[in-house]
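**Student:** So you can see what is in the structure, the chains are spelled out below.
There are 2 protein chains.
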Amino acid sequence: MGKLENKLEKIVSLAKEASFKLALVDTVVKNRILIQMADALLKEKNKIVSANKKDLEAARRKRLSAAFIDRLTLDETRIQQMSASLIELSKLDDPVGGVIKSWERPNGLKISKVRVPIGVILIIYESRPNVTADCIGLCLKSSNCVILRGGSDALNSNKAIFDILNKVAMKNGIAQGSISFIDSTERKAVDALLKFDDYIDLVMPRGGEGLINEVKNKSRIPVIKHYKGICHVYVDSEADLNMAHRIVFNAKVQRPGVCNAMETLLVHKDAAVRFLPAMIKELQDAGCEIRGCALTKKVARNLKNIKSAKDKDWSTEYLDLILSVRVVDSLDEAIEHINKYGSRHSDSIVTDDKNNARRFLKEIDSACVFVNASTRFTDGYQFGMGAEIGISTDKLHARGPMGLEELTTYKYIIEGSGQIRR
Amino acid sequence: MGKLENKLEKIVSLAKEASFKLALVDTVVKNRILIQMADALLKEKNKIVSANKKDLEAARRKRLSAAFIDRLTLDETRIQQMSASLIELSKLDDPVGGVIKSWERPNGLKISKVRVPIGVILIIYESRPNVTADCIGLCLKSSNCVILRGGSDALNSNKAIFDILNKVAMKNGIAQGSISFIDSTERKAVDALLKFDDYIDLVMPRGGEGLINEVKNKSRIPVIKHYKGICHVYVDSEADLNMAHRIVFNAKVQRPGVCNAMETLLVHKDAAVRFLPAMIKELQDAGCEIRGCALTKKVARNLKNIKSAKDKDWSTEYLDLILSVRVVDSLDEAIEHINKYGSRHSDSIVTDDKNNARRFLKEIDSACVFVNASTRFTDGYQFGMGAEIGISTDKLHARGPMGLEELTTYKYIIEGSGQIRR
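Chains as they are written, first to last, in the numbering used here: chain P, 1054 to 1475; chain X, 1054 to 1475.
Rather than coming from a laboratory, the hints here were simulated on the basis of the structure. Do not rely on the hints blindly, as some may be mistaken.
Remember, identical chains collapse to one label, so a pair may be satisfied in a single copy or spanning two.
The calculated EDC-like cross-link candidates involving lysine to aspartate or glutamate, where the alpha carbons are at most 20 Å apart (straight line), are [to be verified]: (1) Lys-1281 x Asp-1250; (2) Lys-1163 x Asp-1406; (3) Lys-1166 x Glu-1458; (4) Lys-1350 x Asp-1338; (5) Lys-1069 x Glu-1389; (6) Lys-1056 x Asp-1236; (7) Lys-1074 x Glu-1416; (8) Lys-1166 x Glu-1416; (9) Lys-1069 x Asp-1418.
Okay, chain P solo, but in the shape it has when bound (with noise of 0.2 Å):
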């Protein structure tokens, strides 16, 4: 094992030690550290802000792009933010010694399905500093030891606020290597950790594609990806129009950049020539570009500049003001374009069929299916979960928003009175 392997050995296995001790930490220690740690990233703004500053003029200095400079930055209504967070943080149920279920069997054991935390959870993550503070702060409720590895570019603003929150932490007596960071910039760390199954119960990659398939193909510890979400409304034949169209354009339009925005639109044709053009020129008016099947292109000639959709298109996440629109069949067709193109994240039906909506219901494969309102609603705090640490589209273990809850697991506790098994 080389010198960067043995570090991080120790890091990591500092955690697992921790873990143990973290686990038992009461409800009120937990939300008293939160509400400190929100007033020390206040009182110590001055110290993330100039963190902050050398890891812009690096930014600047090698060129990224507008919107990655935006992602980095941490002004104070940021800080405010993540400082505001902490404390909503504090307001919630604790999910750890929570009884799932309990029975009792014939013979007078008393069975209890418990929730625990996970143990040590590491973080992969690329620009977002804000990160830094949610997933501290939620894996602290939880209990969870938490492993944090944050991008290059933002290594000076993450380990600003690494410090302010951890020495609050350590100062009412929280074990040692409940909260980590790794500050190896190379990307043989990230190799390196992803091997310490032993030690780490849980990886959440946060970032793009590439980052994401990376630390799949890579890891042995588990793995729960939060991945693109190809989000889908299907326009039924039976749909209230002028509902489709409220929907539709709040879908594609109020926050384009995001993970639950639409991507694509599938109208039934009994639909189309009602609903598509004046559709189209609504999103157009709002500044979005349309790539059409040839149908579309056929019952909106009237239109100008709808391009032409290629396959490549249906299964592409824009995170842009970009939108492709299908004209399909069938209710049939539009579920079997959903579930081959999409990406398991967040679909949904315009219709007033109720056998329709119940059909796509059931048979949409993704991890939130809508009826009659918009995908943007995926989202921990719309969901009343109070907090998230991101959106699942794996299927196991969670699946959707994930918030306290979804950061822990569950043991048996199992109370006899002497029963042995015959």
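Starting from the known structure of chain P, fit chain X onto it as the hints suggest.
**Tutor:** Here is chain X on its own, set in the frame of chain P:
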């Protein structure tokens, strides 16, 4: 991609397609098929026995162990057991479609968390041919497509069982590809399968440590491991020693070859003198080899044949009439020992002290933690689940005994009346 990979990709992509159809099959249809499958096993038992004979002859030629040949053997009783298990499955509740919880948001959105099948499950197993029938039954009842890859030494037996059961499924209109059998016995077939993460949702390796580690290290598909059981019983200073005696004897001797049998006995120093000599004597009389720590040997110095436990003993799963014994200074030392050397499977404390029991339940990081009962109860049937596909030693998705519910995931269904995001 080579010829083998092409052949395998056809199988797994067909399974993925079939998974959308199998998810929609009615409970009554699935139950009818299970009953017909149970019948077919009995009617065609001669086919199974003669296929099994080929495997047994080859195994004897290869001079495989008696234990191996015992696991491989299918006689009339075992075929009846396989058949009876399928009947049992037909009587259990169908988990698919069950509503886990549902709530309404202030904006009127109705959110439901609903159980759905996982999709396509790959089972990689070793020499027990009954796994073929069990997994086909469990996956059918939970509407999961199953891909079976059994050990080469049981190929004829597995193939015969698969052929009989798949024929019943096909005759009842179940989609082709719902049940698949991999007859390529090359090792690289497994390597290739583990890369098809686009088609397969979950892999469960069932077998020895070598197989499980190989799958874990090579798989891009999420893995749930059914790993070894290094189970402990800890006899506290405050234990009812008669009860402790019965529990320890049961946990070790009743069926030593299974994962929930005890491998290490821990005894508080204040109970050691009163408890250990008679306990060890009784275990030795039952044919059990004892490997003790220095204190154990001192306390039981009047007994013969107590070997010295080496450090390796604490982390060994004997699966045999061998027991390692350690005297500990305190409850803390017992907890530390278990969390360090155990396999997070099943551990039990025998005590009359409620605080000690509470601490043990809380601080032991295992799937099943017992008070005053034998570890041998970790079992889907004993827990009242009706059936089990195994016992997960992982922390994610499912932990401990896995029944039909644990073979499902969930999706969110959101019903609105035109809601858009502000």
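**Student:** Hint by hint, say whether it matches the structure.
**Tutor:** For each hint, the structure was consulted:
1. Taking identical chains as interchangeable, the C-alpha atoms of Lys-1281 and Asp-1250 lie at most 20 Å apart only when they sit on different chains, with a minimum of 16 Å there against 26 Å within one chain.
2. Taking CA atoms no more than 20 Å apart as the test, Lys-1163 paired with Asp-1406 passes between copies only; the shortest distance there is 17 Å, against 47 Å inside one copy.
3. When the C-alpha separation of Lys-1166 and Glu-1458 is checked against a cutoff of 20 Å, the pair qualifies both within a copy, at 14 Å, and between copies, at 14 Å.
4. Taking identical chains as interchangeable, the C-alpha atoms of Lys-1350 and Asp-1338 lie at most 20 Å apart only when both belong to the same chain, with a minimum of 17 Å there against 86 Å between chains.
5. Proximity of Lys-1069 to Glu-1389 under the C-alpha cut-off of 20 Å is restricted to the inter-copy arrangement: shortest distance 13 Å between copies versus 45 Å within a copy.
6. Taking the closest pair of Cα atoms, Lys-1056 and Asp-1236 come within 20 Å of each other only inside a single copy of the chain (14 Å); across copies the shortest separation is 45 Å, beyond that limit.
7. In the homo-oligomer, the alpha carbons of Lys-1074 and Glu-1416 lie at most 20 Å apart only across protomers (9 Å), although the nearest pairing inside one protomer, at 44 Å, exceeds that limit.
8. Taking identical chains as interchangeable, the C-alpha atoms of Lys-1166 and Glu-1416 lie at most 20 Å apart only when they sit on different chains, with a minimum of 15 Å there against 31 Å within one chain.
9. In this assembly of identical chains, Lys-1069 and Asp-1418 lie within 20 Å of each other by CA distance solely across copies; the values are 12 Å between and 36 Å within a copy.
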